Amino acid sequence: MSSATQAVRATKATESSGGGVRPSRRAVVLTTGLLVIFLLYSLAPTWFLIVSATKNQTDLYSTFGLWFSSNHLGDNLQEIWAYHDGVFFRWVGNSVLYSTLGAAGSTLVSLAAGYGLSKFGFRGRGALFAVIVGASLLPSTLLAFPLYLVFSEIGLTNTIWSVLIPYFINPFGVYLGKVYADSSVPAELMEAARIDGAGELRIFYAVALRLMRTGGITIFMLEFINIWNNFFLPLFMLNGERTFPVTLGLYSWLQQAQTARDMNTLVLTGSLLSIVPLAIFMFALQKYWRSGILMGSLK
Amino acid sequence: MSTLTRPAKVATDSPARRPSPRRAGRRGAYKGVLFTLPFLLGFLATYVVPIGYAFSQSLHEKKSTGLGFGPTRIVYTGFSNFASVLGDGAFWASMGRTLLFGSVQITVMLGIALLLALLLDGVAARAVRFFRAALLIPYVIPAVVSTLMWLFLYSPTGSPLLDLAERAGTEITFFGGLNTYLSLGNLLTWQGIGFNMILISASLQALPRELYEAARLDGAREWRIAWSIKVPNITGILVLTGMFSLIGRLQLFGEPLIMRQIAPESINTDFTPMMEIYDKAFKVGDYQYAAAESLVLAVATGILAFVFYRVTNRKMS
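So the sequences go chain by chain: A and B. Under this note's numbering, the first sequence has 273 at position 273, and the numbering climbs by one with no breaks. Under this note's numbering, the second sequence has 188 at position 188, and the numbering climbs by one with no breaks.
Some hints could be false.
[Stated by the list, open to error] Computed footprint of chain B on chain A, listed as stretches where at least three residues anywhere in the stretch have a Cβ under 8 Å from a Cβ of chain B: (1) 119–128; (2) 210–223.
[Claimed, not checked] Simulated DEER-style distance windows between Cβ atoms: (3) B:211 - A:256: 51 to 61 Å; (4) B:93 - A:206: 50 to 60 Å; (5) B:44 - A:69: 37 to 47 Å; (6) B:62 - A:70: 35 to 45 Å; (7) B:56 - A:126: 45 to 55 Å; (8) B:133 - A:101: 50 to 60 Å; (9) A:259 - B:310: 29 to 39 Å; (10) B:111 - A:189: 25 to 35 Å; (11) B:78 - A:202: 29 to 39 Å; (12) A:67 - B:133: 19 to 29 Å; (13) A:97 - B:229: 26 to 36 Å.
It is worth saying that the hints were derived from the structure and are not from the lab. Bear in mind the structure is a predicted one, so any value in this text is a computation, not a measurement. Every residue gets a Cβ at the ideal spot worked out from N, C-alpha and C, and that includes glycine.
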């Protein structure tokens with residue numbers, strides 16, 4: 001509610017200072033009203049999730065879903081903790097591991113390749129770049145099954161590598177890497193470093209990587225979020241419960257909830273918990289968000 | 001070696017002229033290849049080899065020996081799998097269904113995102129920041145979790161939406177017939193609004209203010225300015241985003257697969273092409289056929305992307 005009045009006041013403030021036509025009262029009400037409606041639409045399901053995570057099995061079905069009844073969040077957490085020796089927290093750990101390693105590897109590979117493409121005129125560079133742009137347009141879902149065929153042939157499925165290796169190779173990241181290298185690493189600086197006798201590898205990590213820091217963080221962030229949210233690749237590659245990331249784990253719980261015992265409180269509370277690490281990550285990197293989204297949209 | 005010749009070469013360059021990256025590169029060009037090598041090897045291993053291997057697999061079929069009771073063996077059958085996929089009505093139906101559903105859903109989603117972006121364009125900075133952050137929350141939530149949330153909201157037992165409908169004196173169902181598509185469409189729209197709104201906002205902000213400042217001074221109303229000046233100037237980005245979203249929709253998989261858990265009668269195993277491939281591979285166990293389907297889907301996606309690329313390129317130039 002306070003947000004609505006704030007918006008109204010804010011609208012009035014700009015319009016009067018802008019010196020333009022003052023919007024009619026009806027326009028302001030309509031604008032604010034529509035914004036608030038979509039705000040509620042955006043937030044309500046998450047609110048429902050928070051409320052549901054505090055309920056026990058009976059309250060979940062017998063009380064109104066958008067408001068609290070007696071608080072059982074502690075019990076639900078305890079139940080999650082107890083389920084299969086806390087396998088849920090292992091899933092969260094796996095997600096953190098896959099996302100961190102996958103994003104770090106992909107960022108490094110992408111920046112190096114983008115730097116190489118940007119700063120060195122080797123033969124076939126143009127063709128290679130065209131292939132990379134083309135590949136970045138192909139949704140990665142398409143490759144999941146062909147990848148599975150190869151990885152199962154060489155016995156890589158159900159290992160951490162079966163998900164990490166595909167995460168490392170991100171054509172869109174290379175494209176971004178090249179864009180950042182083009183714009184932020186001056187050739188003069190590389191030349192100067194060469195004159196000082198620095199080797200190419202040293203120039204890359206001591207000069208170029210530092211200059212491409214913002215780009216690197218953006219690639220890392222986009223990739224981290226992608227991996228955290230990824231569902232199909234682990235679904236194809238992993239079948240041992242202990243290797244699951246949290247998305248796949250929640251799906252397996254939902255499957256069980258349909259057949260065996262009623263696990264809905266576990267699914268709901270687990271879902272809420274699984275958002276927390278990502279929220280912290282996004283909050284920590286909020287500075288890079290907007291540019292990241294806009295960059296990601298180029299895809 | 002090259003380090004020795006380098007200072008001399010630099011000296012011959014006239015100081016006023018920058019050495020172009022191409023010239024600078026040529027001397028140690030092979031080193032550039034070294035930087036791209038990790039990616040190249042990985043690309044070979046995760047793109048080229050799998051596609052090639054899937055292709056060779058798709059040229060085979062699993063045949064059982066001894067009147068169907070003996071052990072199965074893999075035999076070469078040429079393009080017979082591809083012939084079956086191309087004539088597979090269910091597969092093409094899933095593709096048509098996904099594209100048709102996607103076109104409608106994406107239009108609605110972009111419409112709402114555009115409306116919100118336009119509304120925010122007229123509101124002051126502080127309010128904008130707040131609304132933007134709040135409207136972006138669904139984008140931050142992993143797709144699996146948002147599907148689970150909506151699944152519970154659609155569930156016939158304990159859904160607050162059903163409670164509300166009941167209080168209003170109506171009855172609603174979320175699955176069966178058109179309702180299945182509405183429910184899935186609502187989920188995807190909910191996920192996508194915030195992200196697309198940011199995108200559209202950015203292109204709105206990039207418009208030069210002079211474009212509509214004059215109209216404003218002439219006393220044009222805000223909605224008029226929005227509709228006649230702002231919207232026509234960003235149709236390009238809208239079309240582009242819409243097209244790429246549609247390519248993404250063709251791979252729709254996780255959301256319907258999860259929704260199938262509570263609505264197996266409404267969402268079949270061949271609801272989308274990817275679900276069909278997943279089912280063929282891991283439930284039926286016919287890897288060869290699934291490989292052929294994957295490749296056909298990849299080619300279809302490629303063709304779609306290419307057509308879009310040509311269409312938009314012509315528009316831009």
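### Message
29 to 39 Å was suggested as the range; check whether the CB atoms of residue 259 of chain A and residue 310 of chain B agree with it.
### Response
violated (49 Å)
### Query
For the stretch 119–128 of chain A, do three or more residues have a beta carbon lying closer than 8 Å to a beta carbon of chain B?
holds (count 7)
### Query
Has the hinted range 19 to 29 Å been met by the Cβ atoms of residue 67 of chain A and residue 133 of chain B?
For residue 67 of chain A and residue 133 of chain B the Cβ distance comes to about 24 Å; the hint holds.
### Query
Honestly, do residue 133 of chain B and residue 101 of chain A meet the 50 to 60 Å range at C-beta?
violated (29 Å)
### C-beta pair residue 62 of chain B, residue 70 of chain A: status relative to the range 35 to 45 Å that was hinted
For residue 62 of chain B and residue 70 of chain A the Cβ distance comes to about 56 Å; the hint is violated.
#### Entry: C-beta pair residue 44 of chain B, residue 69 of chain A: status relative to the range 37 to 47 Å that was hinted
Distance hint for residue 44 of chain B, residue 69 of chain A is violated at roughly 57 Å.
### Query
For the pair residue 111 of chain B and residue 189 of chain A, does the Cβ-Cβ distance stay inside 25 to 35 Å?
Roughly 47 Å apart at Cβ, these two residues miss the hinted range, so it is violated.
### Message
Given a hint of 51 to 61 Å, does the C-beta separation of residue 211 of chain B and residue 256 of chain A actually sit inside it?
### Response
holds (57 Å)
### Query
CB of residue 56 of chain B to CB of residue 126 of chain A, is that within 45 to 55 Å?
violated (30 Å)
#### Entry: Pairwise beta carbon distance, residue 93 of chain B to residue 206 of chain A, judged against the given window 50 to 60 Å
holds (57 Å)
### Message
Within 26 to 36 Å: is that where the Cβ-Cβ distance between residue 97 of chain A and residue 229 of chain B falls?
### Response
violated (50 Å)
### Query
With a Cβ-Cβ cutoff of 8 Å, does the stretch 210–223 of chain A contain at least three residues near chain B?
Not satisfied, violated; 0 residues make the cut.
The structure is inconsistent with the numbered hints 2, 5, 6, 7, 8, 9, 10, 11 and 13, although it conforms to all the rest.
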